[in-house]
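Protein sequence lines correspond, in order, to chains A and B. For the first sequence, the residue numbers in this note's numbering are 25 to 244. For the second sequence, the residue numbers in this note's numbering are 436 to 702.
Simulated from the structure, these hints should not be mistaken for lab results. Note that this is a predicted model, so its numbers are computed, not measured. Hints are not guaranteed to be accurate.
[Said to hold, decoys possible] Lysine-lysine pairs mimicking DSS-like chemistry, simulated, CA-CA at most 25 angstroms apart:
1) A/Lys93 - A/Lys186
2) A/Lys72 - B/Lys530
3) A/Lys125 - A/Lys72
4) A/Lys125 - A/Lys93
5) B/Lys559 - A/Lys141
6) A/Lys141 - B/Lys701
7) A/Lys186 - A/Lys141
8) A/Lys141 - A/Lys156
9) B/Lys559 - A/Lys72
10) B/Lys530 - B/Lys579
11) A/Lys135 - A/Lys125
12) A/Lys132 - A/Lys186
[To be verified] Among chain B residues calculated to face chain A with C-beta under 10 angstroms, some are:
13) Tyr558
14) Gly594
15) Ala598
16) Gln625
17) Gln666
Ideal placement from N, C-alpha and C gives every residue a C-beta, glycine not left out.
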Amino acid sequence: MKARSIRIGLMVTAVTAGLVSFWPGATADDEAAVLNATDAAVEAVMRKSFTNVTPEQWRSRVEQDEVQKLCSQYQNNPPSAEAQHILELSNRGFRYPASGKLLGDWRKGEKLASSGKGGHIGTIRPDPPGRKRGANCYACHTLSPSELSAGNLGPGLTGYGKLHGTSPDSIRRVYQKIYNAQAFYPCSQMPRFGHNEWLTPEEVADAVAFLLDPDSPVNQ
Amino acid sequence: MCFRNTVGFFIAIVIGLYFPGGGLAQDTMDEIIRYREMLKEANPAELLELEGEELWVTPRGPKNATLEQCDLGLGPGVLRGAYVQLPRYFADTGKVQDAESRIVTCITELQGLSLDEATRDWYKPGSENEALVTYVATQSRGEKIHVPATHPREAELYGIGEALFFRRAGPLDFACSTCHGLDDRRIRLQELPNLSTRQGAQASMSQWPAYRVSQGVVWTMQRRLIDCIRQMRWPEPEFLSEAVIALEIYMQNKASGVVSEAPGIKR
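Isolated chain A (complex conformation):
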């Protein structure tokens, strides 16, 4: 069974309904029509399968925003018009620390980078309420050369500050990237830490410092 078979099945349905007639391997419009049909079915299954969920959890953890929908639909490879739209949606709504300091404390940033704790819900192994959330940067990136247990889902960032410096432009750019990576790369796999309020603006600034501060182990 390949994905194509289900698509053919859905296409037949569409044809029967007298909507439009097309065949596999045709245009992008056909693909979109097919994916929309699947979309409704997917959401119905989600409703049936995730029942022990508060309305607030449904909104923040199950329901998709526009960017999530587009990235899912195009499997993180959006066509240029959609990519442009995602960039526009993502380049707004940045919040900054009240102090105005976008380069925070690298020691706090290092702690955030090392912790994958917090934010689990459900009945099997939920976190205690209010548990501090980590950013778990090491899950995906190499950072300090002395931490060998680093993942490779994202690019290596060892020496990042030596490369990019601490000019106001550089600091702002890195802040915004951690806040919402999709402001730079549409459908980036990286969580939108600030946009989704996983981290506070102050915590984003601490993560910026871990990357850019000349004293941070990342740059030794």
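Use these hints to put chain B onto chain A, whose structure you have.
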């Protein structure tokens, strides 16, 4: 039961020795591979398999019946090759079912126990469901996974599973594909199978249910997927729910053709 805990404890100690706070990445990986090979000689999952067999052949419930006449898709009482052809559509329930949910159907129908009794504590170490699935899966060891998903309901659920695999949501924007959509990736030092490819799905699905060294217990695919989703910071889907079975049929279809080595050994 006691013996299994002892084995788990022993393994925890051995693993502790292999992870002295990080160590050298490649050395650690080599050690894990060597350790897995060693464990294959005496997989602790075999103890759970025996427990599952005991449960299978012991009469109980209001109907005082065993599970020996359970139909897992190849006819009542046929175990060999059944697990590797699941999930599949069952006309009697009108549902696409995996091993976990079909066994629960057999318990409620043949033995007359309630759904609640059949699923209680399903996620606790050494649960009945895990023992029964381990027993059933082991009867298909050496058989090829074969899930063509040709029935219309199976095909529909496959399509939903594929869409779910790429569905990003939640406070970290994660989908299954975030971690399992690329080759040769790791979270920290943990290797991640690329489940969107035939090769990756085969390497992974041929091993489940699997003995999890870090937990000292056997996990079924339901348990594995529900925990993945929990770690994505989504809410937990219900045990036996369609979303989980949809993901399973997507992966089992991709894995078709590979010989099952269940129960496997995982981190």
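Checked hints:
1. A/Lys93 - A/Lys186: At roughly 37 angstroms apart (the allowed maximum being 25 angstroms), A/Lys186 and A/Lys93 break the hint.
2. A/Lys72 - B/Lys530: holds (14 angstroms)
3. A/Lys125 - A/Lys72: Measuring from Cα to Cα gives roughly 46 angstroms; hence the hint is violated.
4. A/Lys125 - A/Lys93: Distance of about 33 angstroms is beyond 25 angstroms: violated.
5. B/Lys559 - A/Lys141: Since the Cα atoms of B/Lys559 and A/Lys141 sit roughly 22 angstroms apart, the hinted pair holds (cutoff 25 angstroms).
6. A/Lys141 - B/Lys701: holds (22 angstroms)
7. A/Lys186 - A/Lys141: Violated - the C-alpha atoms of A/Lys141 and A/Lys186 are around 29 angstroms apart, more than 25 angstroms.
8. A/Lys141 - A/Lys156: Holds. A/Lys141 to A/Lys156 sits at ~7 angstroms (cutoff 25 angstroms).
9. B/Lys559 - A/Lys72: Distance of about 24 angstroms is within 25 angstroms: holds.
10. B/Lys530 - B/Lys579: holds (23 angstroms)
11. A/Lys135 - A/Lys125: Given pair A/Lys135, A/Lys125 holds - Cα atoms ~19 angstroms apart, limit 25 angstroms.
12. A/Lys132 - A/Lys186: holds (20 angstroms)
13. Tyr558: Given a least distance of 5 angstroms, the restraint on B/Tyr558 holds.
14. Gly594: With Cβ-Cβ at 4 angstroms, under 10 angstroms, it holds.
15. Ala598: holds (5 angstroms)
16. Gln625: holds (8 angstroms)
17. Gln666: holds (7 angstroms)
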